[in-house]
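So the protein lines, in turn, are chains V and A. Counting the first sequence from 1 gives a position; the working numbering is that position plus 122. Counting the second sequence from 1 gives a position; the working numbering is that position plus 13.
Everything labelled a hint here was simulated from the structure, so no lab data went into it. Fair warning: this is a prediction, and the values are worked out from it, not measured in the lab. Just so you know, not all the hints are guaranteed correct.
Ranges between beta-carbon positions, derived for each pair [what the hints assert, rightly or not]: (1) V:Thr273 x A:Asp432: 19 to 29 Å; (2) V:Ser399 x A:Asp236: 39 to 49 Å; (3) V:Glu292 x A:Gly255: 49 to 59 Å; (4) V:Glu281 x A:Asp432: 23 to 33 Å; (5) V:Ser213 x A:Asp432: 44 to 54 Å; (6) A:Gly295 x V:Thr167: 23 to 33 Å; (7) V:Glu297 x A:Ser758: 36 to 46 Å; (8) A:Gly295 x V:Gly321: 52 to 62 Å; (9) V:Leu296 x A:Gly255: 46 to 56 Å; (10) V:Lys201 x A:Gly255: 39 to 49 Å; (11) V:Gly321 x A:Ser47: 55 to 65 Å; (12) A:Ala240 x V:Glu221: 53 to 63 Å.
Note that CB positions come from ideal geometry on N, CA and C, so glycine has one too.
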Amino acid sequence: MRYDIKLKIEYRYEYPAAQSRHIIRMMPAELEHEQRFIAGNITCTPQADEWASRKDFFDNNCIEAAFKKNHQNIVFSLKARVERFLPHEISNRVFPLSELPTALSSIRTLDARSPLHFCASSIRAPIENGTRSFARDLVTDDMSLIDVVSTIGNAIFQEFKYDPKATTVETPMLEAFNGRHGVCQDFGHIMISCLRGIGIPAGYVSGFLRTRAQEGKPRLEGADAMHAWVCIWCGAENGWVEYDPTNGFFVGQDHIVIARGRDYFDVAPVKGITRTSGGHKTKQSVDVIPID
Amino acid sequence: MPPISSSKKNDVWRNVLKDYTLHDGIQDELIDESGEIRPVWRSFVQTISGVSLDDWKIRIARGQQYLRDAGVYYRDNSTQGTTEREWPLSPVPLLISEQEWHQISVGLKQRANILEQVIGDLYGENTLVRDGFLPGQLIAKNPEWLRPLVGVEPRSGKFLNFLAFDIGRGPDGKWWVLGDRTQAPSGAAFALENRLATTRIFSDLYSPSHVHRLAGFFKEFRDALLALRGGDGSRIGILTPGPLNDTYFEHAYIARYLGFMLLEGEDMTMRDGKLMVRTVDGPKPISVLWRRMDAHWADPLELEETSQLGTAGLLNAVRSQNVTIINALGSGVLETRALLAFLPRIAREWARDPLIMPNIATWWCGQKAERDFVKTNAYKMTIGDAYATKFLFDTDDISLKANKSKDQANQSLDDWIDDNGETLVGQEAVRLSTTPALDNGKIVPRPMSLRVFLARIGDHWSVMSGGFARIGNSSETTALAMQNGGSAADVWIVSDKPVNAETMLQTPSAPFVRHQPGILPSRAADNLFWLGRYTERTEHLIRLVRAYHVRMAEADAQNTQLLEYVHDHATYLGIANVEKQFPLAIRTTIHSAMNAANRVSDRFSMDGSRALVDLAKTIDQMSLTAVPGNDMVRAMSVLLRKLSGFSGLIHDNMTRFMGWRFLSIGRSLERAVTTNNLVSKFSNPDAPFGGLDFAIEVADCAMTHRRRYELSTNRSTMIDLLVLDPLNPRSVVYQLKELESLAASLPGSDENHQLTPLQSTLIRTQAGIAVETPDKLDETMFATLNNQLSQFSNDLTSTYLR
Chain V
123 MRYDIKLKIE YRYEYPAAQS RHIIRMMPAE LEHEQRFIAG NITCTPQADE WASRKDFFDN
183 NCIEAAFKKN HQNIVFSLKA RVERFLPHEI SNRVFPLSEL PTALSSIRTL DARSPLHFCA
243 SSIRAPIENG TRSFARDLVT DDMSLIDVVS TIGNAIFQEF KYDPKATTVE TPMLEAFNGR
303 HGVCQDFGHI MISCLRGIGI PAGYVSGFLR TRAQEGKPRL EGADAMHAWV CIWCGAENGW
363 VEYDPTNGFF VGQDHIVIAR GRDYFDVAPV KGITRTSGGH KTKQSVDVIP ID
Chain A
14 MPPISSSKKN DVWRNVLKDY TLHDGIQDEL IDESGEIRPV WRSFVQTISG VSLDDWKIRI
74 ARGQQYLRDA GVYYRDNSTQ GTTEREWPLS PVPLLISEQE WHQISVGLKQ RANILEQVIG
134 DLYGENTLVR DGFLPGQLIA KNPEWLRPLV GVEPRSGKFL NFLAFDIGRG PDGKWWVLGD
194 RTQAPSGAAF ALENRLATTR IFSDLYSPSH VHRLAGFFKE FRDALLALRG GDGSRIGILT
254 PGPLNDTYFE HAYIARYLGF MLLEGEDMTM RDGKLMVRTV DGPKPISVLW RRMDAHWADP
314 LELEETSQLG TAGLLNAVRS QNVTIINALG SGVLETRALL AFLPRIAREW ARDPLIMPNI
374 ATWWCGQKAE RDFVKTNAYK MTIGDAYATK FLFDTDDISL KANKSKDQAN QSLDDWIDDN
434 GETLVGQEAV RLSTTPALDN GKIVPRPMSL RVFLARIGDH WSVMSGGFAR IGNSSETTAL
494 AMQNGGSAAD VWIVSDKPVN AETMLQTPSA PFVRHQPGIL PSRAADNLFW LGRYTERTEH
554 LIRLVRAYHV RMAEADAQNT QLLEYVHDHA TYLGIANVEK QFPLAIRTTI HSAMNAANRV
614 SDRFSMDGSR ALVDLAKTID QMSLTAVPGN DMVRAMSVLL RKLSGFSGLI HDNMTRFMGW
674 RFLSIGRSLE RAVTTNNLVS KFSNPDAPFG GLDFAIEVAD CAMTHRRRYE LSTNRSTMID
734 LLVLDPLNPR SVVYQLKELE SLAASLPGSD ENHQLTPLQS TLIRTQAGIA VETPDKLDET
794 MFATLNNQLS QFSNDLTSTY LR
């Protein structure tokens, strides 16, 4: 399935900013067997004084941009075409949770996809007693790892209320968990915390979700938002699988990956440090249009 | 205890060491196994045996006085807030023979080289993990392993340039490494101060004792840092988290001692991948940064995002190899306590260079066999956080001797270790050697650990001939932390023959090698500007309060009206209830001056700093004791004298360069503003009788006025003298001329006399009043002048100080 993607993120400062520096992670990833990056570019207004792209530790595309002149707003725009393939088959052979520690301790690599990075608490997805016992209460010893993932993911999907007004991008994971509400970012962090709490390596994926047009109605332009879900290491045989707790299913061809990391901190689409005295507002619009 | 061999101690020695009771099974630095005084200590013991209790007191007081004067104190960050305590110097130095020190140095240099290889691998190929020398989890879960720096080779090719090792002597008499300090080790400047204080205590003993000097080490490292620049004339900075940090004293000290700029994160900015310091003359490149800040805070864009201390984009400069950071960001990972469990094998089998000096035996509980061993032997171990990077005795997360595992009362120790396996290490309980310390006039043995400093000089390591000894306050070997009442001692490396006098320590305020031509960071300029303003403002307030109380003490009917009028003006200046109490405004203003001074304390002399500290202390005291009337007059007079002492030290001793200009601009501007306000208020036709003389007295012009006009004060003579007189340093016009000439030598001003906007403003302001006669100057004109002066202040700030 191929998609044409447009993303626009706008920053508006209360007072003119003297200088600012940003790291931008908006460009979709090229992933062997999963996703093909066909073409794309990122532009911004005003024009940046420094602009350099590179890969980060987790192999994500990122751009570091700096603005030296006074400015009151910045718009970053992405246009890209991406082909998404069906994920690999998931084997449901019983791989019990109890075997994970041994499997993990035999891993001798620290490359970008090593599950070892995804075991510990991270800033946005800390391991907490609440999420840990939520997860423990759901799983039994005889479950396969895949069943554990879908059980926990489905529980979040069923029991938590999708409510864009309940949380912001800054809301701590535990607060969203205790309120049993939030958006994709919150559900992603909650699921990660649950899984790490019982010893399963889990990471955060940022990207896009194609929204299906309703029957007989034209697709609403700009109605989509950026999306986030979870990647889980399910043993050497299955490797990484991805689950979307906001929608309650394993990820298929409808999800387009931008970046992967331990939590939102590693993959935020735009991070910035600005010399300004006031606050700022951001606005985001996304279009994900299937072209075949 | 083994008795001190009777044949070797004469009566005097027996007397001085009569309370020196050794502990069973541990080594002592002074007394060897056979009960004899070790050779290196003999002449020292001989000297101190002649020291009476009173003499001890005098000697120690001499050392403490030095430390107080130098502003060395110990900052205690507890839950109740931060307090400053007297620096806990143990007067008796630790003596180590040159031969033994040589062996220690060989071991530590080797360890430094192995650590350099290990860190290179952890941020490079990762063969240690791949080949099973280190468990991957230990690195992946380590908060000090900084992912953004993986694969980034340091500009100089080396990660480590300045290291410290904490070592201790075990019961077998051998030295053991207790911990590696690789991030931003502190203590080197304190070692210098301990030395300076101790030489004052033993002034009679130090010179003949052939003690190796410390200055050479710093000189060598300074030259090595200069060489790291790459010959392009770029700058070297010392990066500090700022005055709130517990070791800020040391940062400022090192900056002043080596003659480098003391920088905070906000002083710097990035231009095209290059690190620049914001100066009054625009951005200037920095190529070497000696950081005294933990890496997490260094760049809010890629590391800790809430950091207010860092510089956004710093990692980009590192990645582009445009700056050498010392030590490389990310080297804190080597401090991880659990690493000690793996280092011996890494040295032996991976680096093929077995450790010469062993480190304290350590078992990581993330492995089953090791975990079981810890469980079995817990009673003779210290169990703590595997990822902790703090010094063994500094942490409170340790479960000592394992029977009191914190907060785990309901859980058996074994379960606790099983549940937290990966996050725990067991370490053999340290039994440190003892060394002489003074306790209530008695020489007693106290446990000791030693911090040794190493600096990279090219491909080699240089070891400081001395160090920082921590002395426990009881015989308990685990109570070394200064938080628990421990203390610090100087370390003397003693030679058999006279030591090289070339390395003689110079005074801290006189850096021993050439200065780079000074450049002034904008923030430093800003602080100097405000230091100038606040000290001048303090002076004005003091004079005003004094003149008020002089009149209040006389208190007759005629004065009442004037006192009310002054009261009104005092309130306008922020002084509430001037008649009742010592004005709080004077205290807050001088403390603002101190805050500004603290942030540029690397830029003026020790004497200047001391004078300001002394002034602030006096103000604090007087604010409690001074009573209205004559006593307040006396108090204010004392303060005036102390304040002029400070101003004199600063203005007479500071080179007439950029920093001095901003300080002087602050002073002149403040004087122009306060004088203008004073004149405006007291030349007002509504001002009561005596107001003119009052203003002249506050402006310190009473004598000049008498000499100049030979007639009684009237409005015109007052305005003429305080505003228009171009030769009176107290007049507004005089200060405007001063400002003009200072502005002419600021960056951007033109040799061909084309005026900068700042100069134009000043000349216009000056002309506006200088052409007037006293009778034409009224409240409206004073108000205009006041606006022009604040406009000047704003323009100055936006041009140079941002």
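Okay, the hints, checked on the actual structure:
no. : hint                            : in the structure
1   : V:Thr273 x A:Asp432: 19 to 29 Å : holds, 24 Å
2   : V:Ser399 x A:Asp236: 39 to 49 Å : holds, 43 Å
3   : V:Glu292 x A:Gly255: 49 to 59 Å : violated, 26 Å
4   : V:Glu281 x A:Asp432: 23 to 33 Å : holds, 28 Å
5   : V:Ser213 x A:Asp432: 44 to 54 Å : violated, 31 Å
6   : A:Gly295 x V:Thr167: 23 to 33 Å : holds, 27 Å
7   : V:Glu297 x A:Ser758: 36 to 46 Å : violated, 57 Å
8   : A:Gly295 x V:Gly321: 52 to 62 Å : holds, 55 Å
9   : V:Leu296 x A:Gly255: 46 to 56 Å : violated, 32 Å
10  : V:Lys201 x A:Gly255: 39 to 49 Å : holds, 44 Å
11  : V:Gly321 x A:Ser47: 55 to 65 Å  : holds, 57 Å
12  : A:Ala240 x V:Glu221: 53 to 63 Å : holds, 55 Å
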